[in-house]
Amino acid sequence: MSRDFLSEIEHSSTAEILQGRLIEFIQIARNNGYQAGISEVIDAQEVAHSLNITHPQYLRWGLRSLLCSNQNDWQRFDDLFDAYWLPSAKQNYRTESVAGAPVGKRESVAREAEVNDGEATDVDQAGQGEGDDAFDGGALEGASGQESLFNADFQFITDAKQMSEVDDLVERLAKKMRRRIIRRQKIQAKGRRIDIRKTVRKSLRYGGMPMDLAFRNNRKNQPRLIIIIDVSRSMSLYSYVFLRFARGIVSSMRDADAFAFHTRMVHITGALHQPNLTKVKTKLSLISAGWSGGTRIGECLDSFLNNYRHRLNSHTVVMVVSDGLDTGKPEFLANKLATIKSQCRKVIWLNPLLGRPGYEPKTGSMLAALPFIDLFASAHNVESLSALEPELMRI
Amino acid sequence: MSKTNKINEFQSQLTDVGYICERSLASSLVLMKSLQRPILLEGEAGVGKTEISRALSEVFDCKLIRLQCYEGLDVNTAVYEWNYQRQMLAVKLLEQSEEQIDKTEQEIFSKKYLLERPLLKAITQQKPPVLLIDEIDRADEEFEAYLLEVLSDFQISIPELGTIEATSKPYVILTSNGTRELSDALRRRCLYHYVDYPDFARELRIVNTRVPDIGLQLSRQVVGFVQNLRRIDLQKNPGVAETLDWAASLLSLDVSSLDDDIEAIKDSLVCLLKTREDSEALGSMEIERLVAKVI
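From first to last, the protein sequence lines are chains A and B.
Just so it is clear: in the first sequence, position 153 is 153 by the UniProt record's numbering, and no numbers are missing.
Just so it is clear: in the second sequence, position 138 is 138 by the UniProt record's numbering, and no numbers are missing.
Here chain A stands alone, though its shape is the one from the complex (with noise of 0.2 Å):
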């Protein structure tokens, strides 16, 4: 481990070292999930040249602004900037050597392309195998992770770091799903207000006179959801990610109502409205306390007819979110489900069995229940759900 960086330069008058040295460092830094191309290899050279690259400390804060595109990243650069252009620094606090073996080779293949009148290629290519061996280990996370997460089904994520990740996830879609749902204002034959612009552009054709008016309005039909989650010891794996789903879309949709069952149902909206996830888990578990075994879809419904039918009008979405194992009368429980389906738009029910290969809708109320059923869907990972949102929006 002969040279660093910095006497690097002071020794040799090429650029070219350092600019592949920086080359190199971008790549590293892409390969560790930064989002860096073509043109931040070429601002980099500008960070250098307008700053005063001899201080290390300047390159740093430099290349960190460049690079960095979030707080994650912005949190894990000084580590990647420390490996890259300080080894010899990086080794004095870090025992086990993670990047310490590869630094080491790493320098000396720079020797090398120095002694090779610096061939880029060579460079690039050192560049690209170091950068996985030496950061596969620590620092993969960032985008693939997400995508990852995006497909895994709930009930295998086991990891309680993933599954808080996964939570957050689902939240997040819920609340964008209904960013899309109520989009903009349209223009519309009738309405509201005047749209002015249009009407200006109308009124040409009569020599400016406003004869022809164009209306904005709100899109009209948002939809109003209810989502009734089971949560019977059956969907105990799933029914968190769903109180979770539900959290989201009750605190973003203006219009949302949300229900928990199990033997007996119960209004939820006013828990899941809690800022604080830790109450909403607190306050939920006692609502679900003392009840005992057996799932009485059929029941539930009844009393959600009893109690709440007024909520059910012709654009709401009624979402059902069970595997449909249930231990009352199936006819009971399609009778109730089609007094629902003739008072609102549509039904859902989502059914995260659903997503296991071979799995067919058998039991006897979940056969009684399909004809009732405008979309029948699996809900087992996040890419299932998020495929829910044009399906909510074409109401």
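Calculated from the structure, these hints are not laboratory results.
All C-beta atoms, glycine included, are put in the ideal place defined by N, C-alpha and C.
Don't take each hint at face value.
What the hints assert, rightly or not - Calculated cross-link-like contacts (lysine to any residue; reagent style SDA-like; alpha-carbon spacing at most 25 Å):
id: 1; chain 1: A; residue 1: LYS202; chain 2: B; residue 2: LYS112
id: 2; chain 1: B; residue 1: LYS169; chain 2: A; residue 2: ILE38
id: 3; chain 1: B; residue 1: LYS112; chain 2: A; residue 2: ILE38
id: 4; chain 1: B; residue 1: LYS236; chain 2: A; residue 2: ARG205
id: 5; chain 1: B; residue 1: LYS111; chain 2: A; residue 2: LEU204
id: 6; chain 1: A; residue 1: LYS279; chain 2: B; residue 2: THR275
id: 7; chain 1: B; residue 1: LYS33; chain 2: A; residue 2: PRO56
id: 8; chain 1: A; residue 1: LYS279; chain 2: B; residue 2: ARG230
id: 9; chain 1: A; residue 1: LYS202; chain 2: B; residue 2: PRO159
id: 10; chain 1: B; residue 1: LYS33; chain 2: A; residue 2: HIS55
id: 11; chain 1: B; residue 1: LYS33; chain 2: A; residue 2: ILE42
Claimed, not checked - If you want the ones that stay clear, here's a sample from chain B, every Cβ over 10 Å from chain A, calculated:
id: 12; residue: VAL17
id: 13; residue: ARG23
id: 14; residue: SER34
id: 15; residue: GLU42
id: 16; residue: VAL91
id: 17; residue: GLN126
id: 18; residue: ASP153
id: 19; residue: ARG210
id: 20; residue: ASP213
id: 21; residue: LEU273
As the list claims (entries may be wrong) - Derived coverage of chain A by chain B (criterion: at least 3 residues anywhere in the stretch with Cβ under 8 Å from a Cβ of chain B; other residues may be distant):
id: 22; stretch: 65-73
id: 23; stretch: 295-308
id: 24; stretch: 314-323
With the hints as your guide, set chain B onto chain A.
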């Protein structure tokens, strides 16, 4: 070294106009200027993200143009709008003059009838202004995509008028509070700086600069108290703006030291604690403990 001095000089220029910042932030801003890229500032509420643009406009001695984003913000309020009333009037007047119809149209869709909104205004200035796009996360995704186009080409096309090229590239500052995830494309276009709460020494300087009458003893106590408060798990951490408010309110209550009048301190905490949960969580005992810590 002149390049080192450039950052130092810029930092002291910012200090002169009353904005005290870290060196790293100053270097990011120097880069923003030399690379001519927009800069995205993220950070907790009240760390002075918006304030930076005011300070910058004073340092560069140029206009500050501000675009506050909100849900439903559209091109008509952000970029341009036609002055419909004048247009209608003109159409009526031109009717009598027997002009050709295309000429009429050309006339009423000329620059005379164009109302400039912040984005258009920012690219048509003679001297590059500071363009602050505040809380970009509140705007819709569609607007974000549009903004991306403007920020990369610095030109705006108006169907009736053609494309308007920038006469000068503005210094663009975007701020975000993270109410939603911004698109990767937008993040890539921008330099990025995460603005953190200031440390004790810097916050002390900020308080002394902004509330000069406060005196060193009280300002030390105030800053120490707030710094400790941020370590407690509050729902909403007090920002620098809150510290300044509190310092000013203590001054107006004639408090010269935090242990003077513990009741007055408790009453004045409305400046720092902004939710009911937080003010409930901080009982008298806790407040007295925090006060004792900084005296």
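Here is how each hint holds up against the structure:
1. LYS202/A x LYS112/B: With a Cα-Cα distance of about 20 Å, the restraint between LYS202/A and LYS112/B holds, given a limit of 25 Å.
2. LYS169/B x ILE38/A: Status holds; Cα separation ~22 Å.
3. LYS112/B x ILE38/A: violated (42 Å)
4. LYS236/B x ARG205/A: violated (57 Å)
5. LYS111/B x LEU204/A: holds (18 Å)
6. LYS279/A x THR275/B: holds (16 Å)
7. LYS33/B x PRO56/A: Holds, at roughly 21 Å.
8. LYS279/A x ARG230/B: Holds: LYS279/A and ARG230/B sit about 22 Å apart, inside 25 Å.
9. LYS202/A x PRO159/B: holds (16 Å)
10. LYS33/B x HIS55/A: holds (20 Å)
11. LYS33/B x ILE42/A: Distance of about 16 Å is within 25 Å: holds.
12. VAL17: holds (21 Å)
13. ARG23: violated (8 Å)
14. SER34: violated (4 Å)
15. GLU42: violated (6 Å)
16. VAL91: Not fine: 3 Å to the nearest Cβ puts VAL91/B too close to chain A.
17. GLN126: Given a closest Cβ separation of 25 Å, the condition holds.
18. ASP153: Since the minimum Cβ distance to chain A is about 14 Å, ASP153/B lies beyond 10 Å and the statement holds.
19. ARG210: Holds, since 26 Å exceeds 10 Å.
20. ASP213: holds (35 Å)
21. LEU273: Holds, because the least Cβ-Cβ distance between LEU273/B and chain A comes to about 15 Å, which exceeds 10 Å.
22. 65-73: Three-residue rule met by the stretch 65-73 of chain A, so holds; n is 7.
23. 295-308: As far as the stretch 295-308 of chain A goes, the hint is violated, because 0 residues have Cβ atoms under 8 Å from chain B.
24. 314-323: Result for this restraint: violated, n = 0.
In the structure shown, a violation is registered for the earlier hints numbered 3, 4, 13, 14, 15, 16, 23 and 24, in ascending order.
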